[in-house]
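Following the hints, complete the assembly by docking chain B onto the known chain A.
From first to last, the protein sequence lines stand for chains A and B.
In this text, residue positions in the first sequence follow my numbering: the first is 1, and each later residue adds one.
In this text, residue positions in the second sequence follow my numbering: the first is 1, and each later residue adds one.
No wet-lab data here; the hints were simulated from the structure.
Hints should not be assumed to be uniformly reliable.
Heads up, the list lumps identical chains together, so a pair's fine if it works in one copy or across two of them.
As the list claims (entries may be wrong) - Within a straight-line C-alpha distance of at most 30 Å, the following computed DSS-like cross-link-like pairs (lysine-lysine) qualify: (1) 215 to 164; (2) 103 to 50; (3) 183 to 151; (4) 139 to 215; (5) 164 to 21; (6) 141 to 50; (7) 21 to 70; (8) 56 to 70; (9) 163 to 215; (10) 183 to 215; (11) 216 to 183; (12) 164 to 56; (13) 50 to 120; (14) 56 to 21.
Predicted model, so just to flag it, every value in this text is computed and none were measured.
There are 2 protein chains.
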Amino acid sequence: MVPIVSIVGKSGSGKTTLLEKVIRELTRRGYTVGVLKHDAHGFDIDHEGKDSWRHKKAGASTVALSSPEKFAVIKDVLQEWPPERIIQAYLADSDVVITEGYKTSWFPKIEVVRKAHSTKPVCAGSKDLIAFVTDVKLKTKLPLMGLNDYKGVATFIVREIIKKRSTSGTVSLVVDGTPVPLKPFIDDLIREGVTGMIRSLKGCAGAGDIELRIKKK
Amino acid sequence: MVPIVSIVGKSGSGKTTLLEKVIRELTRRGYTVGVLKHDAHGFDIDHEGKDSWRHKKAGASTVALSSPEKFAVIKDVLQEWPPERIIQAYLADSDVVITEGYKTSWFPKIEVVRKAHSTKPVCAGSKDLIAFVTDVKLKTKLPLMGLNDYKGVATFIVREIIKKRSTSGTVSLVVDGTPVPLKPFIDDLIREGVTGMIRSLKGCAGAGDIELRIKKK
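If we strip away everything but chain A, and leave its shape as in the complex, we get (with noise of 0.2 Å):
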């Protein structure tokens, strides 16, 4: 699976604008940086008025934008998809993936700290935070970074999530929308079974990514 890292911290401490920081330097060191954020109270993304608007309001379900320099979906859902499900069905080419919210998920977090806001992490204790962003200071074996220091976090994140947790995992399975931990050696199984299956389709003979969905009869 793509690396990914939560940005995490109470409502208002800055996580928007670290994430921004942080993302225009990676980005400028070259990395390809996918975000996905969770917002509980929904959200608006498209225009009143505009095509999409218009027929996604009529009742599709799905509206989908295709352009030469980029594409849009914009999708209902009768249950929240778990992050996991996003990431690997959306975000799994990018070189590292950062969230923002997700604060109960599994994954490693940096938590930003705003002494003008308040001064009590949200995330003190769990065994997945792996720094702060913060101008307090604050008591913690954890490493502290300050508030500008968007260079530093990105050379963490590099450090930290990018170079450690990016040699595993080639296979991603989604199965009846619950994402399937895979262990390498059934990661290696279904990769060589299936890329074997798929090379021997005419055409196919040099398949490298391969994109299976089957849907049950």
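Chain B only, in chain A's frame:
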């Protein structure tokens, strides 16, 4: 593959309005509708100043938002993705996908011709054209429906597209970014082979819908 139909016609002929009414009618009849709009000139979907806009602007190649009701993804591409790839990856769970544009694709097409705008069809003679929606008395053997006859168009789509084309294909395959069409026999072979493999994994004995991605090592 999911059944697909494309609404084509000159710019300003009324494609978006027809599509809006047809989506509403098909949704009312219980069908799940996906829409893919082609925009050769690019599009602008995010709100300036919002978090996702800021993160995209900072260089993120993909930005996703998730809430309990929906999610959205905006993704940069190096070159335009073929519509089949977007449909297989993002819209395959619909009962029908209606595209707007893609007049040079192989998708079955319904053309909108509005007298006040132009009396000359853009897809005349195309073997994929299956009907006209128009106020012009066109000389053709294809069915003609009125500009306001969105119920007739919905019925036509149910009969000619959804019912006729949704029985085939439970497997969709994309290799190195290119969708690979599968004959029914190959479809069965891959479905049985891969489903068997996945069902042997712990906790996956009842696997129905499977999404599998393999990235080249």
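message = For each hint given before, does the structure comply? Return the numbers of the non-compliant ones in rising order.
response = Failing hints, ascending: 3, 4, 6.
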